[in-house]
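Those protein sequences? They're chains A and B, same order as listed.
Numbering that gives the first Met the number 0 puts the first residue of the first sequence at 0, with every later residue one more than the last.
Numbering that gives the first Met the number 0 puts the first residue of the second sequence at 0, with every later residue one more than the last.
Worth flagging that the hints you see were computed from the coordinates, not collected in a lab.
Careful, some of the hints might be misleading.
To be verified - Each computed PhoX-like pair below joins lysine-lysine, with the alpha-carbon atoms no more than 20 Å apart: (1) A:K45 x B:K400; (2) A:K146 x B:K89; (3) A:K38 x B:K83; (4) A:K132 x B:K83; (5) A:K146 x B:K90; (6) B:K90 x A:K45.
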Amino acid sequence: MTSLNRETRHLEEAGSQLISDAFKAGADAAEVCGSYGSKSKISLEKQDYHLAASDEGYQFGIRVLKGQRQGFASTNSLNSKELKEVANRAVEIATFSPENPYFSIQSVAESSSAPTLALWDPTLALTSLQTQKEWIEHLRKEILKDKRIRLNEGSLEVGKSLSLVVNSKGTHQLESETYCAWSLMAMAADSETLTSFDYFSNIARQSARLGDHIVQTTARFREALLKNLKTGTATSYKGKVVFSPRAVLDILIEPLCYHLNGRVILEGSSRWNLQTLGEQVLSPLINLKDTAWLADRFSCGTFDREGTPTQNLQMIEAGVLGKIFLDHYSAKGLHQTSTGHASGGSSSLPSVGPHTLLVAPGATPFSELMRQTNSNTGALLLVHRFSGQTDPVTGDFSGVAKGAEWWVNGEFQFCVKETLISGNVFECLSQSLLGLSAETSIVDSGSESPAALIDGISVTSG
Amino acid sequence: MKDLASRIQKALESAPCWMEARYHRRRSHSLQVQKGLVKQTKANLTSGLGIRCLVDGAWGFSSTSDLSAEGIQKAMRQAVDCAKSISQMKKSAVPALPPTTLSQGEFTLEGYETLEKMPLQQKLQAALRAESEIRTASKLIQTSTCVYSEQFEDKILITTDGAHALSRLARNEIRLSAIATDHGEMAEGQQTVGRTGAWDCLFTEHPMEEMGTTAAQLAVDLLKAPRIPGGLATLILSPAMVGLLSHEAIGHTVEADFVLSGSVAQGKLGHTVASPLVSLCDSGFLPQLPHAGGSLLVDDEGVPTQNTVIIENGILKSYLHNRESAAAFGVAPTGNARAWLYQDEPLIRMRNTYVQPGNQSLQEIIESTEEGYLVDCPLGGQADATGEFMFGAQKVMKIEKGKIKHMYRGATVSGQAFDVLRSVDAVSKEFHLDLGAGYCGKGQPAKVDAGGPYLRCQATIGGVQE
Numbered sequence: 000m001t002s003l004n005r006e007t008r009h010l011e012e013a014g015s016q017l018i019s020d021a022f023k024a025g026a027d028a029a030e031v032c033g034s035y036g037s038k039s040k041i042s043l044e045k046q047d048y049h050l051a052a053s054d055e056g057y058q059f060g061i062r063v064l065k066g067q068r069q070g071f072a073s074t075n076s077l078n079s080k081e082l083k084e085v086a087n088r089a090v091e092i093a094t095f096s097p098e099n100p101y102f103s104i105q106s107v108a109e110s111s112s113a114p115t116l117a118l119w120d121p122t123l124a125l126t127s128l129q130t131q132k133e134w135i136e137h138l139r140k141e142i143l144k145d146k147r148i149r150l151n152e153g154s155l156e157v158g159k160s161l162s163l164v165v166n167s168k169g170t171h172q173l174e175s176e177t178y179c180a181w182s183l184m185a186m187a188a189d190s191e192t193l194t195s196f197d198y199f200s201n202i203a204r205q206s207a208r209l210g211d212h213i214v215q216t217t218a219r220f221r222e223a224l225l226k227n228l229k230t231g232t233a234t235s236y237k238g239k240v241v242f243s244p245r246a247v248l249d250i251l252i253e254p255l256c257y258h259l260n261g262r263v264i265l266e267g268s269s270r271w272n273l274q275t276l277g278e279q280v281l282s283p284l285i286n287l288k289d290t291a292w293l294a295d296r297f298s299c300g301t302f303d304r305e306g307t308p309t310q311n312l313q314m315i316e317a318g319v320l321g322k323i324f325l326d327h328y329s330a331k332g333l334h335q336t337s338t339g340h341a342s343g344g345s346s347s348l349p350s351v352g353p354h355t356l357l358v359a360p361g362a363t364p365f366s367e368l369m370r371q372t373n374s375n376t377g378a379l380l381l382v383h384r385f386s387g388q389t390d391p392v393t394g395d396f397s398g399v400a401k402g403a404e405w406w407v408n409g410e411f412q413f414c415v416k417e418t419l420i421s422g423n424v425f426e427c428l429s430q431s432l433l434g435l436s437a438e439t440s441i442v443d444s445g446s447e448s449p450a451a452l453i454d455g456i457s458v459t460s461g
Numbered sequence: 000m001k002d003l004a005s006r007i008q009k010a011l012e013s014a015p016c017w018m019e020a021r022y023h024r025r026r027s028h029s030l031q032v033q034k035g036l037v038k039q040t041k042a043n044l045t046s047g048l049g050i051r052c053l054v055d056g057a058w059g060f061s062s063t064s065d066l067s068a069e070g071i072q073k074a075m076r077q078a079v080d081c082a083k084s085i086s087q088m089k090k091s092a093v094p095a096l097p098p099t100t101l102s103q104g105e106f107t108l109e110g111y112e113t114l115e116k117m118p119l120q121q122k123l124q125a126a127l128r129a130e131s132e133i134r135t136a137s138k139l140i141q142t143s144t145c146v147y148s149e150q151f152e153d154k155i156l157i158t159t160d161g162a163h164a165l166s167r168l169a170r171n172e173i174r175l176s177a178i179a180t181d182h183g184e185m186a187e188g189q190q191t192v193g194r195t196g197a198w199d200c201l202f203t204e205h206p207m208e209e210m211g212t213t214a215a216q217l218a219v220d221l222l223k224a225p226r227i228p229g230g231l232a233t234l235i236l237s238p239a240m241v242g243l244l245s246h247e248a249i250g251h252t253v254e255a256d257f258v259l260s261g262s263v264a265q266g267k268l269g270h271t272v273a274s275p276l277v278s279l280c281d282s283g284f285l286p287q288l289p290h291a292g293g294s295l296l297v298d299d300e301g302v303p304t305q306n307t308v309i310i311e312n313g314i315l316k317s318y319l320h321n322r323e324s325a326a327a328f329g330v331a332p333t334g335n336a337r338a339w340l341y342q343d344e345p346l347i348r349m350r351n352t353y354v355q356p357g358n359q360s361l362q363e364i365i366e367s368t369e370e371g372y373l374v375d376c377p378l379g380g381q382a383d384a385t386g387e388f389m390f391g392a393q394k395v396m397k398i399e400k401g402k403i404k405h406m407y408r409g410a411t412v413s414g415q416a417f418d419v420l421r422s423v424d425a426v427s428k429e430f431h432l433d434l435g436a437g438y439c440g441k442g443q444p445a446k447v448d449a450g451g452p453y454l455r456c457q458a459t460i461g462g463v464q465e
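The task is simple: from the sequences and hints, build the whole structure.
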């Protein structure tokens with residue numbers, strides 16, 4: 000459990016007071032989402048140390064119902080008088096807001112299946128500034144091992160936090176976590192070439208072997224940056240492209256989640272609905288799972304923004320739509336049960352979103368995918384990062400393929416510059432999906448995916 | 000505010016080093032209406048104090064929501080401890096900040112009280128009407144949404160070297176969205192506007208009803224629009240798109256922190272980087288456009304904001320600076336230091352960025368275009384230190400032999416910033432500052448605005464290949 004006893008007491012007392020004050024002001028039901036956080040951060044800029052910072056604070060958001068009218072207010076104050084004003088403000092807003100039949104505040108039972116997550120490390124919670132300085136020195140030294148690296152910014156943050164969800168229907172959820180998060184934004188330059196900026200972030204919730212972890216992730220990032228120094232010009236074509244795990248998640252899976260969102264389905268803006276459940280909607284190669292139970296990922300926890308227990312869900316299995324993401328609002332509207340996907344923080348109303356998405360690997364080794372060529376160019380583009388626009392409604396995407404690689408016969412040739420790609424998410428995940436790699440990668444301590452070989456992509460060289 | 004300012008001033012008298020105290024109170028409201036239902040009505044209040052100090056050549060920062068004398072003293076001590084913790088590790092010490100003109104007094108932008116007095120309920124009723132306008136504009140509209148948000152910012156900025164500024168401003172924005180469907184096809188049209196000022200400022204150029212019907216019509220038109228061919232093309236960018244180009248493609252590369260990191264603008268001061276038709280500025284306050292979305296009179300280091308000429312007739316004249324970078328370049332700070340919340344340290348950010356108008360009319364520019372596209376309705380963008388940029392547009396119209404023809408689906412435009420600016424061969428006299436409800440992201444959000452004239456240039460469209 001937690002050693003944040005005083006902070007837990009403050010959170011619990013403020014939560015109780017907010018609900019009590021809301022009822023005194025005329026609320027019929029109330030829910031409080033509260034959080035406490037304490038962190039210290041050391042940042043780097045322009046190859047050097049830049050700033051050290053510390054912050055500590057609370058945040059409370061109260062959602063109230065008067066009949067089917069809803070109001071919400073939030074504050075970062077622990078002051079009793081200000082908490083009362085916030086509760087009154089939420090009730091006042093509910094008073095003049097029109098009714099919405101889908102609003103609800105519900106009792107949720109504690110999960111019987113959620114595992115005990117290793118989110119709290121007493122050693123990490125007591126990390127000294129000296130240790131933190133040693134960790135960021137590992138980061139700085141490792142990235143600057145090659146003089147061609149230009150470090151724009153980076154940071155290493157150590158923190159501990161508490162999350163509380165409590166409501167007038169008996170829900171009570173509390174969770175604590177420790178973390179160390181590090182990130183870098185850098186480019187590489189030699190006498191003639193300046194690469195694009197690249198970025199990575201990582202998180203750990205346990206202090207064991209953290210120094211090694213920092214060095215390994217930073218070294219991988221540095222080598223990827225240096226690879227971008229070998230540049231060349233692509234040829235425009237329409238055909239096969241390989242999307243890296245990051246590209247699969249950013250370009251294809253993120254907009255897919257829009258259509259899996261229960262609120263979007265409720266409003267009729269998704270291409271799918273409840274009747275589509277059980278139908279083949281994507282290529283049989285696609286298996287997509289969502290989980291909140293991987294402690295080494297950013298989005299992790301045993302309950303969601305409304306206190307509903309999280310669970311492992313098979314969203315899509317062999318291309319068949321299995322589940323959708325639901326919070327209480329969308330679940331009520333669709334006559335379903337929440338799946339524990341209410342997202343958001345203490346200062347925002349619940350919305351719907353995934354936790355950690357896992358795209359299952361395919362059967363083809365990555366090296367074999369890369370041996371594919373397009374007959375019109377004799378080459379194959381490997382897309383890593385995407386700087387562009389995806390219209391989640393239509394699925395059309397168009398943008399710059401940053402640091403994309405030009406391969407011929409399974410051999411890397413150079414990284415391309417000023418090259419745009421365009422296509423459609425649903426075509427990519429259906430008839431145009433030719434294969435998935437057998438290897439997967441975790442992207443920025445979040446979701447995980449294999450690489451994908453996709454046909455029909457337009458590649459425009461600038 | 001004045002009592003708190005006195006308390007902070009008194010606390011800073013015991014500062015052992017250069018120190019800056021920034022109190023920030025933000026009240027915000029947000030409404031979301033969709034398909035006739037109110038999905039969200041909320042109020043947020045965040046307030047606290049950020050303390051930044053410079054000790055032995057290193058920056059330290061601490062923030063707190065405890066505004067008691069003890070709380071302020073504790074934050075001051077923590078900031079100093081933070082700075083000391085890295086001062087020995089720094090390879091290059093930050094020199095003492097040179098004296099500069101710092102703001103003293105009260106600075107309020109017009110519209111704060113008017114917006115504050117207008118009841119939230121009245122704004123909600125207007126949002127309901129706006130959403131209804133979209134929904135009823137066409138039978139093909141499947142989903143209609145109106146989102147309104149407003150922020151009231153109260154700040155106190157005091158430094159040990161003389162800044163003492165109390166500032167207030169209000170910002171608001173509205174986003175209207177329509178999703179149309181027809182025979183399995185779907186398309187979205189959006190209209191957004193963001194201003195600094197009262198409610199009415201949002202609708203000075205386009206009434207709310209017109210914005211709603213425009214969003215709906217755009218969604219319907221996009222349903223049957225074909226995908227655009229990819230490749231290098233002649234483009235006439237609308238003022239909003241020019242704003243995006245100014246901000247993303249040029250503005251970021253001339254932020255002095257990016258310049259010092261090696262951006263493409265490094266070493267280019269005094270060089271020709273654009274067509275002589277191009278003059279580019281970034282301004283904290285434009286008297287002729289007082290409600291521009293990124294307006295502010297004092298930055299978050301206490302420096303008065305000003306109109307900074309970045310490019311004059313094609314020649315790069317200035318970078319955008321905070322106090323530290325200005326000292327490094329031996330120039331005066333430009334008032335570009337901005338922090339999102341009290342917990343955030345100030346970073347170099349843009350405000351209202353624009354290309355100055357030219358002499359031709361839009362009609363003349365279209366008529367003199369043999370083949371190209373008119374690009375409008377921005378969807379956001381990104382830029383790189385290399386100057387490579389991309390931005391999205393919802394609406395692209397084909398131009399053939401001097402006449403506007405059919406519409407294409409939205410597309411991405413990309414290029415190398417200075418190459419694109421060098422290709423500019425026509426600049427209109429029509430001028431608008433209307434980036435919309437846009438925020439810039441650079442670790443922290445910042446409300447910005449941007450715009451300019453219509454501008455003809457060459458850039459690459461990320462469309463389809465056959």
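A quick look at each hint next to the structure:
1. A:K45 x B:K400: Cα-Cα ~50 Å, so violated.
2. A:K146 x B:K89: holds (18 Å)
3. A:K38 x B:K83: holds (17 Å)
4. A:K132 x B:K83: holds (12 Å)
5. A:K146 x B:K90: holds (15 Å)
6. B:K90 x A:K45: Measuring from Cα to Cα gives roughly 11 Å; hence the hint holds.
This entry does not satisfy hint 1, going by the numbered hints stated previously; all others are met.
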